[in-house]
Amino acid sequence: MLAGQLPLNATDRELSRFRFRIALAGVAVFAAFVVLIVRFVHLQVLQHAYYTTRAEDNRISLVPIVPNRGVIVDRNGTVLAHNYSAFTLEITPSKVADLEATIEGLGKVIEVLPKDRKRFRRLLEESKNFESLPIRTRLSEEEVARFAANRYLFPGVEVKARLFRQYPLGPIAAHAIGYINRINKRDLEIIEENEQAANYKGTDHIGKTGLEQKYEYQLHGQTGYEQVEIDAGGRAIRSLSRTAPVQGNNLTLTLDIKLQEMAEKAFGDRRGALVAIEPASGGILALVSTPSFDPNLFVDGIRSDDWDLLNNSPDKPMLNRALNGAYPPGSTFKPFMALAALETGKRTPGQTISDPGFFNFGGHQFRDDKKGGHGSVDMYKSIVHSCDTYYYMLANDMGIDSIARFMGQLGFGQRTEVDIEGESEGVLPSPEWKKRRFKRPEQQKWFAGETISIGIGQGYNAYTPIQLAQATATIANNGVMFRPHLVKYITDSRSGEQTMIEPEPLRILPWKRQNVETIKKAMIGVNTAGTAARAFAGASYVSAGKTGTAQVFSLKGAEYRASSVKKELRDHALFIAFAPADQPKIALAVLVENGGFGAQSAAPIARMVFDYYLLGKLPKGAAREDDVEED
Amino acid sequence: MLPPLLHRIWVRLVEHLDGPLLLLTASIMATGLATVYSATYDASNRLLAQAVNMAVGFCAMWLVAQLPPQKLMGFGVPLYVLGVILLICVFFFGVKVNGARRWLSLGFTRIQPSEVLKIAVPLMLAWYFHKHEAMLRFRHYFFACLLLLVPFALIAKQPDLGTAILVGAAGFYVIFLAGLPWQVIFGLFAAAAAAAPFVWTMLHDYQRKRILTLIDPASDPLGAGYHIIQSTIAIGSGGTFGKGWLEGTQTHLEFIPERHTDFIFAVFSEERGLLGNSILVLLYFLLIVRGLMIAANASTLFARVMAGSVTLSLFTYVFVNMGMVSGILPVVGVPLPFMSYGGTALVTLSVGIGILMSIQTHRMLVRK
Numbered sequence: 001m002l003a004g005q006l007p008l009n010a011t012d013r014e015l016s017r018f019r020f021r022i023a024l025a026g027v028a029v030f031a032a033f034v035v036l037i038v039r040f041v042h043l044q045v046l047q048h049a050y051y052t053t054r055a056e057d058n059r060i061s062l063v064p065i066v067p068n069r070g071v072i073v074d075r076n077g078t079v080l081a082h083n084y085s086a087f088t089l090e091i092t093p094s095k096v097a098d099l100e101a102t103i104e105g106l107g108k109v110i111e112v113l114p115k116d117r118k119r120f121r122r123l124l125e126e127s128k129n130f131e132s133l134p135i136r137t138r139l140s141e142e143e144v145a146r147f148a149a150n151r152y153l154f155p156g157v158e159v160k161a162r163l164f165r166q167y168p169l170g171p172i173a174a175h176a177i178g179y180i181n182r183i184n185k186r187d188l189e190i191i192e193e194n195e196q197a198a199n200y201k202g203t204d205h206i207g208k209t210g211l212e213q214k215y216e217y218q219l220h221g222q223t224g225y226e227q228v229e230i231d232a233g234g235r236a237i238r239s240l241s242r243t244a245p246v247q248g249n250n251l252t253l254t255l256d257i258k259l260q261e262m263a264e265k266a267f268g269d270r271r272g273a274l275v276a277i278e279p280a281s282g283g284i285l286a287l288v289s290t291p292s293f294d295p296n297l298f299v300d301g302i303r304s305d306d307w308d309l310l311n312n313s314p315d316k317p318m319l320n321r322a323l324n325g326a327y328p329p330g331s332t333f334k335p336f337m338a339l340a341a342l343e344t345g346k347r348t349p350g351q352t353i354s355d356p357g358f359f360n361f362g363g364h365q366f367r368d369d370k371k372g373g374h375g376s377v378d379m380y381k382s383i384v385h386s387c388d389t390y391y392y393m394l395a396n397d398m399g400i401d402s403i404a405r406f407m408g409q410l411g412f413g414q415r416t417e418v419d420i421e422g423e424s425e426g427v428l429p430s431p432e433w434k435k436r437r438f439k440r441p442e443q444q445k446w447f448a449g450e451t452i453s454i455g456i457g458q459g460y461n462a463y464t465p466i467q468l469a470q471a472t473a474t475i476a477n478n479g480v481m482f483r484p485h486l487v488k489y490i491t492d493s494r495s496g497e498q499t500m501i502e503p504e505p506l507r508i509l510p511w512k513r514q515n516v517e518t519i520k521k522a523m524i525g526v527n528t529a530g531t532a533a534r535a536f537a538g539a540s541y542v543s544a545g546k547t548g549t550a551q552v553f554s555l556k557g558a559e560y561r562a563s564s565v566k567k568e569l570r571d572h573a574l575f576i577a578f579a580p581a582d583q584p585k586i587a588l589a590v591l592v593e594n595g596g597f598g599a600q601s602a603a604p605i606a607r608m609v610f611d612y613y614l615l616g617k618l619p620k621g622a623a624r625e626d627d628v629e630e631d
Numbered sequence: 001m002l003p004p005l006l007h008r009i010w011v012r013l014v015e016h017l018d019g020p021l022l023l024l025t026a027s028i029m030a031t032g033l034a035t036v037y038s039a040t041y042d043a044s045n046r047l048l049a050q051a052v053n054m055a056v057g058f059c060a061m062w063l064v065a066q067l068p069p070q071k072l073m074g075f076g077v078p079l080y081v082l083g084v085i086l087l088i089c090v091f092f093f094g095v096k097v098n099g100a101r102r103w104l105s106l107g108f109t110r111i112q113p114s115e116v117l118k119i120a121v122p123l124m125l126a127w128y129f130h131k132h133e134a135m136l137r138f139r140h141y142f143f144a145c146l147l148l149l150v151p152f153a154l155i156a157k158q159p160d161l162g163t164a165i166l167v168g169a170a171g172f173y174v175i176f177l178a179g180l181p182w183q184v185i186f187g188l189f190a191a192a193a194a195a196a197p198f199v200w201t202m203l204h205d206y207q208r209k210r211i212l213t214l215i216d217p218a219s220d221p222l223g224a225g226y227h228i229i230q231s232t233i234a235i236g237s238g239g240t241f242g243k244g245w246l247e248g249t250q251t252h253l254e255f256i257p258e259r260h261t262d263f264i265f266a267v268f269s270e271e272r273g274l275l276g277n278s279i280l281v282l283l284y285f286l287l288i289v290r291g292l293m294i295a296a297n298a299s300t301l302f303a304r305v306m307a308g309s310v311t312l313s314l315f316t317y318v319f320v321n322m323g324m325v326s327g328i329l330p331v332v333g334v335p336l337p338f339m340s341y342g343g344t345a346l347v348t349l350s351v352g353i354g355i356l357m358s359i360q361t362h363r364m365l366v367r368k
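Protein sequence lines, in the order shown, are assigned to chains A and Y.
Counting from 1, one number per residue, gives the positions in the first sequence under the working numbering.
Counting from 1, one number per residue, gives the positions in the second sequence under the working numbering.
Next up, chain Y with everything else stripped away, as it sits in the complex (with noise of 0.2 Å):
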């Protein structure tokens, strides 16, 4: 037995921890740095870097599973408005890095405020549709679209179409789960249809030859479409069993680009075969329906779509990751969650899954 002032201590840090989404969630934590070690131990270590990564993505995960949902339903309208002022920023001001201008310079550091908006924007939409819950109209779904679009098309125009799909997604999801009529979203659909050879026009040149490369990456084998056939064929050759871990020859011969960034998912899948494949996209899967369970319990309407959202948009990201390396969707700057290298997109995953858990356990305290 622990004594009674550790005992409140322990009580007080896990109170507000979900066991199944922290198991998953570490279990998939371990998966990724024990693949950025084998993608990067040969050239730069980023075990260490990644693993500080994951660090500071706890201390977030818990601290934001700490605030009520009522106080984070506070957030909503602040970070959205911050996070539009600075996109436009960045629109006028942003450093250009490799074409794009998504970074905004502070002097001291650089910061990319399109990042914030993957929590802010389902935050905002979801307080919107909670405000006026019961009273729905077309027009409320209207009104949450343009709220949707604006920071969307920023993002889309610096390009990032990567964050722009995830951004447009979680905000799609709110609306979605908040009712949005069957008869708009098929009218949309239609609409997109007929708009597609416009966007088409509108698409920037690599954009457009990431999707050309996608329906034949033969066509440009050094170019656009290198990524995919390299990946294809770490993901190929890694046959059911995989050639074990640190063996992977697409891997440690450096054919694999970005391999641990963007592209992770072919080394692990290189070297840990359709076995390692299936675990962790059943660890995926086991996470996601935790998320819908905690949407589909959650008390309220902004729990309930905030839930919703942030969990499909955690499918999102695995989807489209696993789709571009494995060759069915196009490339797009999407990193797999919890795996792939880099600070800032695990510390977003995690605040995201820390909301769930402040769903999640919240509600449990409201109904004791």
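Chain A extracted, bound-state conformation (with noise of 0.2 Å):
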């Protein structure tokens, strides 16, 4: 009994233990909340105007710094893009009741014109959340005075300094440089896709066209932060720790500014395009589209009426012709058909045609320029007085899949992938392109009749300057290819390396030198003797090239006559060249659009820019623009 007891009585000692326990556990816990409670009354009533304010006022926020971008300088060093520094007046519309009354009272301090309203609104439309935004720029020191004095009055605007893009040159190289412009929903995806963003947070302004969007991440730089405590007003109170940015990397670059803008100047009012590149290297020295427009209007917006002149005038200012604009190239296919007859053994260079003036075809007479003919014609005569006949024979016993295959190595009709965004293909006639240019069945035939006018540049073919230049500039070098490029290294902003762009050639064509020279020697006889040797006369160096001229018009075999025909509707005029002839060290296309012949007046451009680039001088007696051989 003793020993059953007292186990028992150990037990209940132990369970009446745990009870005072677990009710002493109770009170702890009781007591616990309660000071968890204490603790919310203080935070939330005692206290709570003081955590109130600082949730809404006292934030600290990451303030991101934007680097400075970076600059943009030709081969020689001059500069074509960098930044100044300048106020602007910005508002944030989160922190603005309202909005009309405090443009309105602005409006009043500082002139705002109704142009900054309409580009504030359009701002607005496009713009991230919690971004200020510009409603005036470039404040004069008085304006920024004037506002500090009346600051008080507008809470959530201020006058912030801000660096700016700017175009020292203008109008000059803009299709190759392109513009900066502000950020737009398209651009933020743009940037989210490439995991951006997080740099990209303070930057108002990407690269919209040419080499500043094409080299954006290279220029942009690496985004710095500030951390700073902000008050209700969104001023910064004071900095708690800075991480400063680093600068966009410098582009310089293949283009001879000055030889740019000799050339450009060489165009005078008309429309056309240049691509002038160094053969050796594929670097372009001169990339011109006529007429250019000022990039320094697109910096902080386009005002609407600048938008409309450029947009809707009829020269299409907006349009990079030489990478955009594609065109038949004329005869200046003929060299390059040329070669292709010696490299596929179509033709040796001795042997002859007789040329009546026309080559009949199924039924159809296609006509040579030159009323009667140019009688016994070799490859050289046929390039050097361009005769059509010798390539309308040639090009129907090629072929048409031996001419793409051809063309196709030498790059025409493909991307020449120079680093500008958005270069057009154009079109390197063959059967297979019909199939894919047209869905009807009876379109998609290849005509054996559509090959005879390939010949001659004609007929579907479409490339644009820079790949005739491209093109050129491999004939130049003998067959090594190089990828056209604008870009020649890029200088990092911290080490000072320089990387270079594009050293190797891009292919080598395995063409017998022979032929080569062939071809060449063909080439100078255009300039000396043939149909640009007035463009060239007296020149002091050996130059080659070939004049072109390409229809816009179908006259349907009436007699063309330049004067009859309305300016739009005249021919456009080509020239390609490379010089010194024996060492290149300039190799070009260009074109003139409703300029008539080639050699009237494309050669004389070229001319000028090899008399510029070669000599360092402009060109005493070029030819004027009349009574010449036509090509």
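Mixed in with the good hints, there may be bad ones.
Sample of chain A residues lacking proximity to chain Y, with all beta carbon distances greater than 10 Å (derived) [said to hold, decoys possible]: (1) V159; (2) K201; (3) Q222; (4) K316; (5) R367; (6) W446; (7) E450; (8) S453; (9) Y541.
With beta-carbon atoms standing in for the labels, derived distance ranges [stated by the list, open to error]: (10) Y:S27 - A:V45: 21 to 31 Å; (11) Y:V289 - A:N194: 55 to 65 Å; (12) Y:L13 - A:S94: 50 to 60 Å.
Hints were generated in silico from the structure; no laboratory data involved.
Cβ coordinates follow ideal geometry from the N, Cα and C atoms, glycine included.
Build the complex: two chains, separate frames, hints provided.
See the structure below:
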């Protein structure tokens, strides 16, 4: 009995001790919760006002520091794009109660024009949240002072010192350099896709065209951050820490801006394009598309009247003709055709044809420009005097597939992958192309007759001036082909290290040296005794070239007389050339829209460019625009 | 009236559930779900995922509630041994994430063994004391402390201070409720106070920083103090009635870090104010009172100390979490029970509630 009671007593003792401790724990829990409630009362009742202020006004915020955008210079160090600092008046819409009244009030202190309001409205529609937007740019010192005196009236409005992009040479090389503009929603998507969103916090501008667009992530730099305490008015009270931004990388171009300027001037008020390439590297020396535009207009949101002017002009100044204009090459195609004939064994240099002035095929007469024909014509003469009949026959003998294969290797009908976005492909005609291009089966068939006019660079042929320049440079360089490019090297802003662009050739075409020499000799003949002899009269260097004319308007057999045709329907003038002929330093393609014969308007531009680039002077005895042999 | 078959199924389903516990847990979960939605709807909505977690939690709770306490006791030793072995594996082969080695990779998935010990340690210790019921000597308490110290040290070493505290507390509650003499308790406290300077030197840098910033959050406003500053601003600016559901500016301007997990109370508090806080604290208090009642009325030593430990552990979660979010305790990784987003903690806590239900309902069956 005693033995049985002892453990029971022990268990009972343990149970009552347990219950005491549970009760104790309960009291402790209660006390702890009372402590919590007291803390909540302290925070939420006694200090509520203080924390409300802190929540609304006294926030620590990360303010991005936008890096300086990289500078663009030409091959000689001339600045083409840089930044300058100016004051802007900016409104943060999310901090302003009545936007209308605020703008109205601001207008009484500082001049705000209707166009400024209009631009602000547009920016407001496109803007991200919490962004401050400029209502006025480029404030004068006096305006800054006037606003500062009245700023207490305008919460959410502030003067900011910002860096602006400037293109000191204005329209010169605008198509190559491009421009920056404010970031819109589509740009934002692209930034997010590229996982650059963090780096673009605070950045308002982005490259939209040209090199500014292509090298955006090189030029932009690394955004820095400043941690600041901000008060209710959005003013920074004090800075807590700062991570400096890293400036964007600088671009040094292959472009020679003086040559570019000279070439642009040579066009006068004519529309056209010129691409000059250094054959040994593919570096672009000049990339002209006229008329040009002033990229400075775009930098802070282009005004609508300026935009309308640019957009509605019949001359299409925003079109980059060098990359996006596709033109039939006309007779400038002939040297390439001749080289194809030699390489495929369809012709020898000495082989002659008899030219009666026309070529009959399938009941259709293909006419030569020269009435009565050129008589007996070998390859040299066919290029020097631009004999069409020779190439009608050659095209017929070679067949379209063989032509397309050879021209494709030279880069015709393909993007050159130049470092500017949005380049056109052009058209390299072939039966396959026709199948892709047309939908209806009867249109998809290739007719043998269509091959004939391909031989003289007409028909479906359509190439961009840069393709033509690349092909010319490849002949000048004996088949060693480079990708045309505008940036010579990128300079890292931190290390100063220079990254060269494209020192390796794209491909080497296995041409027989003697075949290339035959073509070059004939092209020299063009500039000494042929269609471009007058344009190159008296030149102290030996150059090689070929004139061309591209039909805009089919005369349906009637005779072409420039004077009787409206200007917009006149033929396009073309010219390809390189110099010095033995060791080419420059190769180019020139196109003058509605310029008539190539020898008449395009070749003299090439002469001026060569004279300037090789001799450093403007030519005195440049050919007048009349009295030249038709090509 | 239900047809007899359905009636029997219904009875089978609910016979081991405890009404007050179920009602209180479900109320807190519903509050948690609404808060998780507010904290995440404008970024990546976690509402559905959390609802799934809760469903899994309920299943775990029901399943555990079906097992009689005797059977639960049987899990003590194997779970504890398995848990400690896994912890040793973590020590040697664990995956390092953010400087802490807490996870074990199984190839297809990763597990966090320390979570198991939140249940395994009290089970093991309660079983141990139950075995020696009525004959408890000082050496039993000493050995129990050793059993607790091994997993505690392994977890603290990972380092995972939050889990170490929870495991340590769960084990300590068992030892305390089993009757650890007061002399020892006061002795331990005195020893701890004396050892504090040494412990200080052994703490990790980030742990020391947390304690220092607790004393003066303003000393490091963008680093370790940032969490505390922003969450106290959220709570304080909530005021008496709160800014309203989905209206918290601190929450939606993303000033509150970890706002759907450990700091969810800041979101709740900002939007529901003192009134909401008081109701939530009351719900937790009632839940804990119910748990303590179950403990007090339990029929065996194992059931008593286990129920007491589970209940007080729950209290520890709540107090440590609310204390850290409101700035009176250091920041340690402890979620708010049934509120914070995340499946693991939810299941562990539901198992705890299940154990309480099992103890309560099987006791009544014994009496009948």
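Hints versus structure:
1. V159: holds, 26 Å
2. K201: holds, 14 Å
3. Q222: holds, 20 Å
4. K316: At about 46 Å from chain Y, K316 of chain A clears the 10 Å cut-off, so the statement holds.
5. R367: The claim holds: R367 of chain A sits with its nearest Cβ about 72 Å from chain Y, beyond 10 Å.
6. W446: About 56 Å separates W446 of chain A from the closest Cβ of chain Y, which puts it past 10 Å; holds.
7. E450: holds, 59 Å
8. S453: Holds, since 62 Å exceeds 10 Å.
9. Y541: Nearest chain Y Cβ is 67 Å from Y541 of chain A, so the label holds.
10. Y:S27 - A:V45: 21 to 31 Å: For S27 of chain Y and V45 of chain A the Cβ distance comes to about 25 Å; the hint holds.
11. Y:V289 - A:N194: 55 to 65 Å: holds, 57 Å
12. Y:L13 - A:S94: 50 to 60 Å: holds, 54 Å
The structure fails none of the hints (numbered hints given earlier).
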